[in-house]
Amino acid sequence: MSLENLFSLDLFSFSPLAWLAAAFAGLFFILVVIYSLNFMKGRKGLFRYYLYTVLTLVLTLGVIFADNLLLLVILWGFLGLLLYLLIGFGRTPSTPATARKALLIVGGTDAMMLLGLALVWFLVYGPGTGLSGLAKLSFSTVTIPVAGGLSVAAFLLLASAALAKAGAMPFHTWVPDMAEDAPIPVTAYLPASLDKLLGVFFLARISLELFILDSTLGIVLMALGSITIMAAVMMAMVQHDMKRLLGYHAVSQVGYMVLGIGTGNPIGICGALFHMFNHTIYKSCLFMAAGAVEKSMNTTDLHRLGGLAKLMPLVFGAFFVASLSISGVPPFNGFASKWMIYQGIIGTAGNGWTWIIWLTAAMMGSALTLASFMKLIHAVFLGQASPHVTKIAESSRPGTPFALAAPIAVLAVLCILFGVFADRIPFGELFSPVLAGEPVFPGLWSSTSATILILAGLFLGMVVYLLGSAGKTRSVAPFIGGEDLDARPSMRVSGVDFYSTVKDVKPLGVLFDWAERKHFDCYVVGLRFADFLGGILSGLHNGLLGRYVLWCLAGVVALYLALIG
Amino acid sequence: MAGEYIPLLVAVPLAGAFFCALAARKSGVLADTIGTLIVALVLALSIYAVVSPPSTHAVGGWPAPLGILLVMDGLASLMLLVVSLVAFLVMIYSLSYMNAYSGRWQFHTLFLLMLAGMNGVVITGDLFNLFVFLEVASLASYALVAFGTGKHELEAAFKYAVMGSLGSLLLLLGIAFLYGYTGTLNMAHMAERLGELGVAPITVAALVLLLSGFALKAAIVPFHSWLPDAHPSAPAPISAMLSGVLIKSLGVYTIARLVFNVYGASPDLLNLLLVLGAVSMGIGVILALRQWDMKRLLAYHSVSQVGYMILGFGLGSPLGILGGLFHLFNHSIFKSLLFLNSGALEQATGTRNLKEMGGLSGRMPTTSWTTLSASMSISGVPPFSGFWSKLIIVMACVEQGRWFYGAWAILVSVLTLASFLKVTKFAFLGKLGKGFENVREVPWPMRFGMVVLALLCIVGGLMLVPEVKEMVLTPAVRVLDHGILTLGEVVRL
Amino acid sequence: MIHSWLPYVLCILLFCVGVYAVLSKKNLIRIILGIVIADYAVNLFLILLCWKKGGEAPILQPGAMEQVMVDPLPQALVLTSIVIGLATTAFLVAIAMRLHERYGTYDITRIRELRG
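Chains as they are written, first to last, in the numbering used here: chain W, 186 to 750; chain H, 1121 to 1613; chain D, 2 to 117.
None of these hints come from the bench; they were simulated from the model. Ideal Cβ placement from N, Cα and C applies to all residues, glycine included. Misleading hints may appear alongside valid ones.
List time: in silico DSBU-like cross-link candidates among lysine-lysine, alpha-carbon distance up to 35 Å [what the hints assert, rightly or not]:
id, chain 1, residue 1, chain 2, residue 2
1, H, Lys1475, H, Lys1551
2, W, Lys321, W, Lys480
3, H, Lys1271, D, Lys26
4, W, Lys226, H, Lys1475
5, H, Lys1475, W, Lys480
6, H, Lys1551, W, Lys703
7, W, Lys480, H, Lys1554
8, H, Lys1475, W, Lys229
Covered by chain H, according to a simulated footprint, are these stretches of chain D (three or more residues, beta-carbon under 8 Å) [to be verified]:
id, region
9, 81-90
10, 93-100
Chain D is faced by these chain W residues, among others (derived, beta-carbon under 10 Å) [said to hold, decoys possible]:
id, residue
11, Ser723
12, Gly724
13, His726
14, Asn727
15, Leu735
Sequences are here, hints too, so could you generate the full structure?
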């Protein structure tokens, strides 16, 4: 194809929503770079680090704006490689394994996407058309009604790549691992923000623009979303590493977006996209706060943390706000979008009774998220300082450098803004132009007035407390069984085991046990199976020449039998 | 006819081999010079062959079918380009790598003999002539596998030679059958006669024998068992030649010729190729996943990747053939690069065991990124070259309604990715292995070969730009897609 | 008259004998001999192909165009094939000797360090 043809293919389309996603990608790029200036200081290969970061941004923008499917697949696939390279900057011993796992899951689903692309090509052009059609497949010109096995397969294959990138089940297992091993800015940059944008945005595009979904596929997506929400949040509750716990929440929250897209109605989809943007804000904030903790305490093990609220008040404040956001507590932004998703789910009530399950899962998920953040906040910021923290606090006054604090603060402020003014800033200024022509949502939460009511309620409660009982309480040092806790650090309650008893519930306990043995990890299960087969096959290659010759002769006979028939 | 240059493609490396053996025994530099110049000349001739129109040359002026006809059609020129391109880069690499071995002139003699044999196989239009050249290349490769004369080299060479000879015997027997039946050795004439005489038990038997023989050279399961022994045992540049081009020119190319141009692709035959390809793909990659010896891992991947090509051919459609041929081209590039990388690692660290390596990306940056790009290419990660050929093969599967084979190709591709991530993980990531603090990047001739191949991996997709595709790939696809080529058609080229 | 296909069958049998030796013998030299036997079976087969009843040596006499000749081509092929076979055999024997130096045995079942 000559150059003019190349440009006449309409490789890109600049929809308002894409511009919005691009703006977010740019914002996170800037914040992550500022953050990295301090966090990554002194590490080797920083030039490559920033190069990969910039390349990731460029390719992400390409994917967001791409109209041409082939172009999208290429840029998308290369992003997986960049993810791999960026994880490689981690310094834990398990970093190489994690990098391999991430690229294998992401790259493996990219390969599935390739088959999906081939199927789309076949569905559009049919047999015997050669390669020429491939370059012309684009979102704006192709629409495939989902009917029959092929189109369902094509959709599921493309969706699997989106789910893996976003970290939804069953392709989620790389996210918690990566959260634990990769440098925090990378985690905040990719799985927490850019990959979510890409994955969910792509899922929305194929669900809305490329395919016309039927309600069955919608239910499949909603089921996937619900399972993701519940399973990941359950896993999050029992973690004892701050980063890994947050990693599981990054998985759990994707469930809401998938669920929202699965509803298929405008408010659900809109809620999903809004949740995607909100998620990138609060999740990056949480990861970056975790990074600040790691930077000053050199650990994210919950056993060794505690009582950091006094030492790092700003980080604590931001973390608190973001925690409430992710848990869907009004008036923060997480609530605004979850509320819309709930309504979307209720909107599917016409398709049968299943909506009750999805709604329960979504609400339960929120409650459990809150529960697990109570544990996290207790274990990290509140409670008693661990000996480790005390030692560091004594030797050096841990502070939060500006380069780390600024992005965290910006994101926390955004959490509040997007929540309190949900109906004005995100919708009035950002979404409305995007959704031109969409109906006004009946149940849209009038967030600002509600916030005022909430504040008023809080204020009232405060007044009642101060007037009624403020003077009658007494404060003493914390104690257990009469023993003064400050004097006995060994009796400290770290909060790590808050929910460990959940494993004692019979069926759940078995599931947790299986999860710990990685029975649900497609990566581990797949490789175990391949290794098992490989063991058999490699036992057959025992170095005996006679056996090898025999195989050849058997091959000759087999060929003869195959051709004689 | 404008084909006077065709015999040079065999004559030049053959003459170079003899000259090396006679004149360059004393001087390694002279042997190096001769080897490099000859291979460069062959590369130039191959490029000329690609850009010039197809032609034929009757050896000694005897007209076909009496004499031997050399045929330079689109397929032959594509194969020549692949062979000589890889040979040239490998030759430059070996200038530095082979310092570790003695016997420069022997190396260059055998190398050039092998090159002459491969070129001969590709350009000849005569079945027995093909057999002779195939034997020349095979014999040279047996000797090159044994070049290090260590325990394992000798063991591998013996097994390789025994099985290779067996394959050659099957071929010769098959050729005898066909000659007895059709009374001719010229492939085009034979195709014509086979069409006239129709199918008989003896033609099926001959087909089975020839197919088995070529499959043995191509290392298709179940004829593959020599390859994982032989390819890792050779010196790295030779491994690169063996896995990169030898199995393709001696095996894959010959199968394609036999199936499409001589016998004509019947549905049964194509189905058989599909099964053979799919089995090879799966078994090769599963065995590769378990390997810790880097070269053995790569060797098993050759088995698996050859399966892709055969699968592409087995689809029988123009798109499938295009995919198969394009994958052949790409695989030559990235597999030879991977073997060169393994050679660089072995030379720098003294081991091929992945468990003993680690953290080398900082010490050997060039090797690291070239390995990564080749690994991504073979795993089909966009936008590297392997992605494109796999995409075409998968599209061709889908187009034919062969869903299972399409899904299978994807699955194997994922497993390939898994096994190459293992390589990069253990060799380059993580903590620096013990005793590697002073490891250095390899010298420039080795780097040059690797870097050029890596660049080819990265830009390989450009082969599909229509102008390039029309020149290089499409003529080759047309040759195979045309089906049986009659003598008249070949001579008129 | 002997059945005309009998020699061909004997040839194939000889080939099978050679292959059997490669397949089942442990000694390197016997394996090489097996290859040689199979090689000669194929050569013999080629020679048989050109045989014609009452055929004469394919030497063209002036003025005797009509005579029945055996097909000359396979004979040329066989010559080539013999040369190739010789080269292969020489190579194999050389390798077998070196193998004996390294492994101290001619038993192929004990020369199997490459596996898996």
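Q: Compare the distance between the alpha carbons of Lys480(W) and Lys1554(H) with 35 Å, and conclude whether the hinted pair is satisfied.
A: holds (29 Å)
Q. Minimum Cβ distance from Asn727(W) to chain D below 10 Å?
A. Given a least distance of 5 Å, the restraint on Asn727(W) holds.
(Q) Tell me whether the statement that chain H covers the region 81-90 of chain D is true, taking a Cβ distance below 8 Å and needing three residues at minimum. (A) holds (count 5)
Q) Is the Cα-Cα distance between Lys321(W) and Lys480(W) 35 Å or less? A) violated (49 Å)
(Q) With the threshold set at 35 Å, check whether the alpha-carbon distance from Lys1475(H) to Lys480(W) stays at or below it. (A) Within the cut-off at roughly 32 Å; holds.
Q. Does Gly724(W) pass the interface hint, meaning its C-beta sits closer than 10 Å to a C-beta of chain D?
A. Hint on Gly724(W): holds, closest Cβ of chain D at ~8 Å, below 10 Å.
Q) Given Leu735(W) as an interface hint, is the shortest Cβ-Cβ distance to chain D below 10 Å? A) holds (6 Å)
**Q.** Interface restraint verdict for His726(W) against chain D (beta-carbon cut-off 10 Å)
**A.** At about 6 Å, which falls below the 10 Å cut-off, the nearest Cβ of chain D leaves the hint on His726(W) intact, so it holds.
Q.
Ser723(W) was flagged as interface toward chain D. Is the shortest Cβ-Cβ separation under 10 Å?
A. Since the shortest Cβ distance to chain D is 5 Å, the answer is holds.
Q: Given the hint that Lys226(W) pairs with Lys1475(H), test it: the Cα-Cα distance must not exceed 35 Å.
A: With a Cα-Cα distance of about 31 Å, the restraint between Lys226(W) and Lys1475(H) holds, given a limit of 35 Å.
**Q.** Hint consistency between Lys1551(H) and Lys703(W) [alpha-carbon to alpha-carbon, up to 35 Å]
**A.** Cα-Cα ~26 Å, so holds.
Q) Given the hint that Lys1271(H) pairs with Lys26(D), does the C-alpha gap stay at or below 35 Å? A) holds (21 Å)
In terms of the numbered hints stated before, the structure departs from hint 2 and from no other.
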